[in-house]
Amino acid sequence: MDVNSVNPILSAFASVLPQIGFEKVEKKSVAMQGAVIENIGVMINIGMMGPLKGVILIGMDIDSAKRFASKMMMGMAVPELDNLAQSAVSEMGNMVCANACIQFSESGVIGLDISPPTLLIGAGGMVKVSVPKVIVVKFLVDEIAVNVYVGLY
Amino acid sequence: MGEIGNMSAFRVMVVDDSPFSRTILADALQEGGCEVVGEADSLESLIEIYTNCKPDLVTMDIAMPDADGFECSKVLRFHDPAAKIILVSSMKDDETEAEARRVGVMGYVQKPVDVETLMRVINAVMSPDSLFAKLKNGGIDCFKEALAQNITRMTKTTATFSDKEPPATYISQGITVVIGIIGKYPGSVILDLSMETAEKMAHVLLRRAGKNREEVVSMAAEFANVVAGVACSMLNKKDKAFGLRVAPPSVFYGKATEVISPNIQVQHVYADTDFGQIYLHVGFKKGSILWM
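Sequence lines, in order, name chains A and B. Every letter in the first sequence is one number past the one before it in the numbering used here, and letter 27, counting from 1, is 27. Every letter in the second sequence is one number past the one before it in the numbering used here, and letter 134, counting from 1, is 1134.
Do not rely on the hints blindly, as some may be mistaken.
As the list claims (entries may be wrong) - Okay, the calculated beta carbon distance ranges per label pair:
id	chain 1	residue 1	chain 2	residue 2	range
1	A	V109	B	Q1030	27 to 35 Å
2	A	P18	B	A1168	33 to 41 Å
3	B	K1156	A	K24	41 to 49 Å
4	A	D142	B	D1274	48 to 56 Å
5	A	D63	B	D1080	51 to 59 Å
Simulated from the structure, these hints should not be mistaken for laboratory data. Ideal Cβ positions, reconstructed from N, Cα and C, are used throughout, including at glycine.
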């Protein structure tokens, strides 16, 4: 998968986040890495099937995930990443990936579908995906660092 | 605006900024045998009225000043993930439908509304989904069968299932394989085992010790992939309408990790094998959207 083919996912990220309360979505870097990724705190795992297969992972550290959930819940205090906060961040993952399917279909990749998000909380753990290379896009969303890992083939 | 009393089958709340549209829709709903229990004209009053009148279903207009129907649906579903929303709008095109799916709307009726179509959509959204119930109640049995069958097939040993209830907050034993499922009802399956269990399994499967952690982790991913694939095939054979397919696995390992499937009803169980305990976690959600 070449770096340009992640554009629909980047567009999805940039178009969904302003709809859920975020103002500034900045893409900081795009890079290619191997199949093993470090979990810096929280990973949202969403499987993708259709003409492209694989996984999209969205990773944040715990503090960022709490800030992210708080922002999604109109500034509500989120001292712990509890059920409500977990539901909020995973819903964001679901919305971004569902929107990415629409963006892909507009660029001619039709018939993609996604699985519901699974949340894996555990800083320092590793994730091995089923593709040899992953494209990692680092975003800064209202000063919150969010990484999107795209492993599709 | 606010709560309105009446008697009938489904209790419906109407969200529309136009008093005229609300009246027309309320009339159609009543004619169809529904009870209109609340009306809201904007995002501002939506949650309060919804909370007070506790409707079975909400009809939502799209074009409204300030927050539109998508925005309102998002807020409502965030407040109550189980909220059943159908869009009632004059707009009906691919883009609008895609957006509606994205915000979790379950049905769509175009204005001007005729009672028959409206009630067909409402009945479809409200009727218990027996196919989904089949998956929700019996789905895990296929995964248990696939797990036991493949332990036997691949290692010539047996697996039994423990009565011990896994904890609600589940922390990985060492290796967690996450596999997304796509189909009429999307879901996920998770297999979790300790590194030691995986090493013992790898030893039998490879007829030698695993060379390194990488090889052991890959074995766990492949085993889970086979179990998920076989189980989904079994379910598809039971009813081809499921159309289930498995996405490639992701394997989490190396640190204590909490595993959560938010907003999904999960069934989970421990399997006891000669190699150690394997945790199996299966969940599906209703992804079907009924369009008319």
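Hints, verified against the model:
For V109/A and Q1030/B, the hinted distance range of 27 to 35 Å is not satisfied, since their beta carbons lie about 46 Å from each other. The hint said 33 to 41 Å for the Cβ distance between P18/A and A1168/B, and at roughly 35 Å that hint holds. Under the hint 41 to 49 Å, the C-beta atoms of K1156/B and K24/A, about 58 Å apart, miss the expected range. The beta-carbon spacing between D142/A and D1274/B, approximately 52 Å, falls within the hinted interval of 48 to 56 Å.
Look at D63/A against D1080/B: about 28 Å separates their beta carbons, and that is not inside 51 to 59 Å.
Checked against the numbered hints given earlier, the structure breaks hints 1, 3 and 5 and satisfies all the rest.
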